[in-house]
Amino acid sequence: MAAASPAGFDPRLAWPLGSFLALLFAVPLAMLLVISLQTGDGYGFGQYAKFLTDWFSLRILGGTLRLGVEVTIACLVLGFPLAWLHARSPGWAKSAITLVVLLPLLTSVVVRTFAWIVILGRQGIINNALVGAGLIDTPLRLLYTEGGVVAALAQVQMPLMVLPLVAALGRADPNLADAASILGAGAWRTWRTVVLPLAMPGIIAGCLLTFTASVTAFITQSLVGGGQMMFMPAYVLQQAIALGDMPFAAAISVIFLVCVLIVVALLSLLGRRSRAHV
Amino acid sequence: MEQASTDTVTGRSLLLDRITHRYAGQTAVGNVTLDIGGGELVALLGPSGCGKTTLLRIVAGFVQQTAGQVVVGGTPVDHLPPNRRAVGIVFQNYALFPHMTIADNVAYGLAARGVDRTTQKAEAMRMLELVQLAHLATRLPRALSGGQQQRVALARALAVKPSILLLDEPFSALDKNLRLDMQIEVKRIQRLAGVTTILVTHDQEEALSMADRVAVLSAGKLEQFAPPTQVYDTPASLFVNGFVGQANMLPGTLVSPTAATLDIGGTIPVRHCAAGTGSRVTICIRPEHLQLDDATTGIPATVGLGLPLGPTIVHELRFADGSTAKVIEPRTPGAAPRPAGTAVHVTIAPDLANAFALS
Numbered sequence: 000m001a002a003a004s005p006a007g008f009d010p011r012l013a014w015p016l017g018s019f020l021a022l023l024f025a026v027p028l029a030m031l032l033v034i035s036l037q038t039g040d041g042y043g044f045g046q047y048a049k050f051l052t053d054w055f056s057l058r059i060l061g062g063t064l065r066l067g068v069e070v071t072i073a074c075l076v077l078g079f080p081l082a083w084l085h086a087r088s089p090g091w092a093k094s095a096i097t098l099v100v101l102l103p104l105l106t107s108v109v110v111r112t113f114a115w116i117v118i119l120g121r122q123g124i125i126n127n128a129l130v131g132a133g134l135i136d137t138p139l140r141l142l143y144t145e146g147g148v149v150a151a152l153a154q155v156q157m158p159l160m161v162l163p164l165v166a167a168l169g170r171a172d173p174n175l176a177d178a179a180s181i182l183g184a185g186a187w188r189t190w191r192t193v194v195l196p197l198a199m200p201g202i203i204a205g206c207l208l209t210f211t212a213s214v215t216a217f218i219t220q221s222l223v224g225g226g227q228m229m230f231m232p233a234y235v236l237q238q239a240i241a242l243g244d245m246p247f248a249a250a251i252s253v254i255f256l257v258c259v260l261i262v263v264a265l266l267s268l269l270g271r272r273s274r275a276h277v
Numbered sequence: 000m001e002q003a004s005t006d007t008v009t010g011r012s013l014l015l016d017r018i019t020h021r022y023a024g025q026t027a028v029g030n031v032t033l034d035i036g037g038g039e040l041v042a043l044l045g046p047s048g049c050g051k052t053t054l055l056r057i058v059a060g061f062v063q064q065t066a067g068q069v070v071v072g073g074t075p076v077d078h079l080p081p082n083r084r085a086v087g088i089v090f091q092n093y094a095l096f097p098h099m100t101i102a103d104n105v106a107y108g109l110a111a112r113g114v115d116r117t118t119q120k121a122e123a124m125r126m127l128e129l130v131q132l133a134h135l136a137t138r139l140p141r142a143l144s145g146g147q148q149q150r151v152a153l154a155r156a157l158a159v160k161p162s163i164l165l166l167d168e169p170f171s172a173l174d175k176n177l178r179l180d181m182q183i184e185v186k187r188i189q190r191l192a193g194v195t196t197i198l199v200t201h202d203q204e205e206a207l208s209m210a211d212r213v214a215v216l217s218a219g220k221l222e223q224f225a226p227p228t229q230v231y232d233t234p235a236s237l238f239v240n241g242f243v244g245q246a247n248m249l250p251g252t253l254v255s256p257t258a259a260t261l262d263i264g265g266t267i268p269v270r271h272c273a274a275g276t277g278s279r280v281t282i283c284i285r286p287e288h289l290q291l292d293d294a295t296t297g298i299p300a301t302v303g304l305g306l307p308l309g310p311t312i313v314h315e316l317r318f319a320d321g322s323t324a325k326v327i328e329p330r331t332p333g334a335a336p337r338p339a340g341t342a343v344h345v346t347i348a349p350d351l352a353n354a355f356a357l358s
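Line by line, the protein sequences give chains A and B. Using numbering that gives the first Met the number 0, the first residue of the first sequence is number 0, and each one after it goes up by one. Using numbering that gives the first Met the number 0, the first residue of the second sequence is number 0, and each one after it goes up by one.
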């Protein structure tokens, strides 16, 4: 079907990447599935049953998904005004905001996460400032808490939320808000009936990226959460490396993958419905 | 707002009282006064950057003027935000809400005013019938053609019974054939609704054909505010004469308040000019006021180019001193343009030239 391919490119050009993905993505995934079905004496769904009947495991899964939701909401609430500002700013301010949004991406995640440890630690910037100002007597526990992980992840993943929002808000005609206003709509009604619906594709794309990135963010989760908090990626690592239980680790991975895919599918469905009329 | 949803409040007078707007140190609008009667259609005409769009945004409340007052029906409205001014706008790109049906677009202003759903629907359908689009009520805007979208925008603006309707270059996105139809349609609907209307345009034909009065603006200043025929026949300034319609501009000298000598030769009568006798003037003559004459009366010239335009023929003439002028004459069937290089004489219809002192 070479003739049907766009611009007449030879489909064989896709083979290097295709085989690369097949070898390093599809094959390991298949292996993961097979290993997850291993039980002590044969094959079956024993590992899955073990996970789904174990409160400890389910709590880790629930906690991880909750973390994803919290980070996504934090990014949305903080990122939307920034994206709005970007859409309504003159050219030079747009460039400045884009630079500020992209700046974190120029630093490694490990470095950014260590910065948060410096900020949140017992002798960290926040605690020193609060103690110095006489507002508290003993340092607050900020590091190794869920709040700390959410704050760090929200900062690390912010560009993933802001960039799709900027694209969606930038596409919307500024006359639409003026039109709503002249028709008698106040600021809130204009936002609710015009700005928000038109930003929906960007909101959904941003949520999708932020959610998937934050539930799987092993480095930030582990360093800021410390040993006190266990999330799914760390759970997999613990089972596989520390306890050597490869089949159970594989089952955890598959369950986690399916959960994330369900969220992605739901958001995509919402996205398709909202894109239908924009 | 309650007033705006009754049938009685259309066609209120609009007074722009000495409006000045400065933006970043530049004067966008300088001391413009327009007294517009209820139900009147006034065109703001001028090249881009003349301040007409700024004036429109001041009336709408999107821009707060530096000085002056906007008075609607005798009441100043300067303190009111856009959503409380009872003004309707048709934007240049129509700005229909892309995620709402045509009916919801038209009902939007009613919904914002807290009108109940049944009345909203009935009123939206009534407006759509007015613009003859009721059969498309459940479509989305992108399913409509440009002309249909514009009629929806008009219905949406009129649904809230605005006291003032603002049209911001509403025809510029339409192709030429559709434009004339829509101009007639909009004028019909405006008459029917009886709403005081401001039409912003850079298209002089549009302004002349649609407006009861035309306000010509240049660089933020009001050059002339008069009925279309008066703007065309007795332009108040050199700018108006050049911008509205076509004009041959020839240098000359005023020999009396009502006569001038052209540098290319010949003395012609002009409309009264206040500049002193002997002052240098620019004499504006419309191309249709010149006639070609094969006899030897008039000013000698040679034909540079002849263009047959169907109902008319345009000749470009070159005079002895190198200056040029255009002549537009009605074309009789079978008549062809004179070939280039033909020697002709040109005569000027009396009393139809305007002289403006060089500033």
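Any given hint could turn out to be false.
Unchecked claim - From the structure, some residues in chain A lie toward chain B, with a derived Cβ separation under 7 Å:
| id | residue |
| --- | --- |
| 1 | Gly-133 |
| 2 | Thr-137 |
| 3 | Ala-178 |
| 4 | Leu-182 |
| 5 | Gly-183 |
| 6 | Arg-188 |
| 7 | Pro-196 |
| 8 | Gln-227 |
Derived by calculation from the structure, the hints in this document are not laboratory data. Quantities reported herein were computed from a predicted structural model and do not represent experimental measurements. Don't be surprised by glycine CBs; every beta carbon is placed ideally from N, CA and C.
Going down the list of hints, with the structure as the test:
no., hint, result
1, Gly-133, "45 Å, violated"
2, Thr-137, "51 Å, violated"
3, Ala-178, "4 Å, holds"
4, Leu-182, "4 Å, holds"
5, Gly-183, "4 Å, holds"
6, Arg-188, "6 Å, holds"
7, Pro-196, "5 Å, holds"
8, Gln-227, "46 Å, violated"
Of the numbered hints listed earlier, those contradicted by the structure are 1, 2 and 8.
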